[in-house]
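Novice: Letter by letter, the chains look like this.
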Amino acid sequence: MKIKVNGEEQAVEGSSISIAQLLKLNEVENPGMVTVQLDGEFVDKDNYEATQVKENNEVEFLYYMGGGSV
Amino acid sequence: MTTFTDEQLDRYARHILLTEMDLDGQEKLANSKVLIIGAGGLGSPAALYLAGAGIGTIGIVDNDTVDLSNIHRQIAHFTKDVNVSKVESAAEKMQAINPDVEIITYKDFVTSENIVEIIRGYDFVLDGTDNFSAKFLINDACVMENIPYSHGGILRFTGQAMTVIPGKSACFRCVFREPPPPNLIPTCLETGVLGPVVGILGTIQATETLKHLTGVGEVLANQLLSFEAKGMDFRKVRVKKDKNCPLCGEHPVIKTLVDSEQPLCELKA
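Chain order of the listed sequences is A and B.
When we follow my numbering, the leftmost residue of the first sequence carries the number 1, and every step to the right adds one.
When we follow my numbering, the leftmost residue of the second sequence carries the number 71, and every step to the right adds one.
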């Protein structure tokens with residue numbers, strides 16, 4: 001199936017993949033580094049295993065960025 | 071109504087020439103109060119540009135002193151300012167750029183105890199802080215006090231910005247629920263940062279400030295702008311106000327301000 005991750009099309013085997021698996025597939029070192037949106041909706045961290053991404057879904061991994069002043 | 075002197079008309083001529091700005095926009099700036107929290111990499115360029123722009127009153131908050139390792143990116147501070155308070159150093163340059171601006175310095179860090187008192191009365195807040203404890207505190211206080219603000223964050227070669235209009239657009243917690251686990255996100259101190267990258271972001275935040283105050287264009291409300299300087303890629307992600315947001319959602323659970331325990335850049339050189 002085809003999905004979009006951070007705006008770019010990605011081909012993934014099978015008909016669904018969990019957010020947790022997708023994070024691993026995209027080499028996000030630690031899920032705590034990002035917040036996840038599935039088709040524009042915030043996905044709670046507790047639901048990464050249970051939430052399935054399906055054909056044509058759009059997923060955003062939004063990174064925490066905190067630096068600035070020091 | 072503000073009456074500009076001939077000298078001021080000259081000073082702001084290139085603003086006033088912009089049809090979207092005009093005298094009317096310049097007048098709005100002259101009657102505005104903006105607070106910059108953090109006089110570092112983001113706050114420096116923002117403070118200089120906002121002073122130049124003729125904002126009536128600019129408050130600037132920071133408890134740090136200038137370190138030699140700051141100067142490659144914190145452009146309000148010069149080599150002669152090492153060991154000088156950052157707010158005093160920044161205020162000196164702002165006043166030199168534009169003597170018309172009233173500058174209020176707060177030699178302090180924002181905390182859950184003092185932030186409301188500091189931000190109250192300002193029309194817009196610019197978050198130039200370096201840690202998630204302050205970022206969540208600023209978000210919560212601005213949403214509670216109904217003061218729009220600009221978020222900015224930096225990591226290595228990347229940066230992000232979002233403008234929060236309380237009650238109308240997504241707040242920081244709609245997108246990033248809570249501070250990340252301690253020590254997970256590397257700091258500028260640990261990973262380094264390319265000087266101008268913070269300048270790009272600070273000037274984006276200053277631009278957002280001027281746009282909000284004058285009503286020119288559309289601010290980054292409900293949009294998280296991110297950029298990556300190595301490929302010079304810019305991207306906007308639509309975000310939205312979350313009805314389950316613990317701060318501004320339908321059933322808010324955050325009703326008081328707290329200081330998170332773990333500042334991002336807790337290590338001092």
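Please keep in mind that the hints were generated in silico from the structure rather than gathered at the bench.
There could be a bad hint or two in this list.
[Said to hold, decoys possible] Chain B stretches covered by chain A per the calculated footprint, using a threshold of three residues with CB under 8 Å from any CB of chain A: (1) 85 to 98; (2) 282 to 291; (3) 316 to 329.
[Stated by the list, open to error] Ranges between beta-carbon positions, derived for each pair: (4) Asp-92(B) / Lys-4(A): 39 to 45 Å; (5) Asn-47(A) / Ala-83(B): 52 to 58 Å; (6) Ala-50(A) / Pro-316(B): 35 to 41 Å.
Glycine included, each C-beta is placed from N, C-alpha and C at the ideal position.
Novice: Each hint needs a verdict: does it hold in this structure or not?
Specialist: Right, here's what the structure says about each hint:
1. 85 to 98: This one is violated; 0 residues, fewer than the three required, reach chain A with a Cβ under 8 Å.
2. 282 to 291: Per the Cβ count (0), the hint is violated.
3. 316 to 329: Since three or more residues must qualify, the claim that chain A covers the region 316 to 329 of chain B is violated, with 0 doing so at under 8 Å.
4. Asp-92(B) / Lys-4(A): 39 to 45 Å: Holds - the Cβ-Cβ distance for Asp-92(B) and Lys-4(A), about 42 Å, lies within 39 to 45 Å.
5. Asn-47(A) / Ala-83(B): 52 to 58 Å: Given a distance of about 55 Å, which is inside 52 to 58 Å, the answer is holds.
6. Ala-50(A) / Pro-316(B): 35 to 41 Å: Once the Cβ atoms are compared, 20 Å apart, the range 35 to 41 Å for Pro-316(B) and Ala-50(A) is violated.
Comparing the model with each numbered hint stated earlier shows that hints 1, 2, 3, 6 do not hold.
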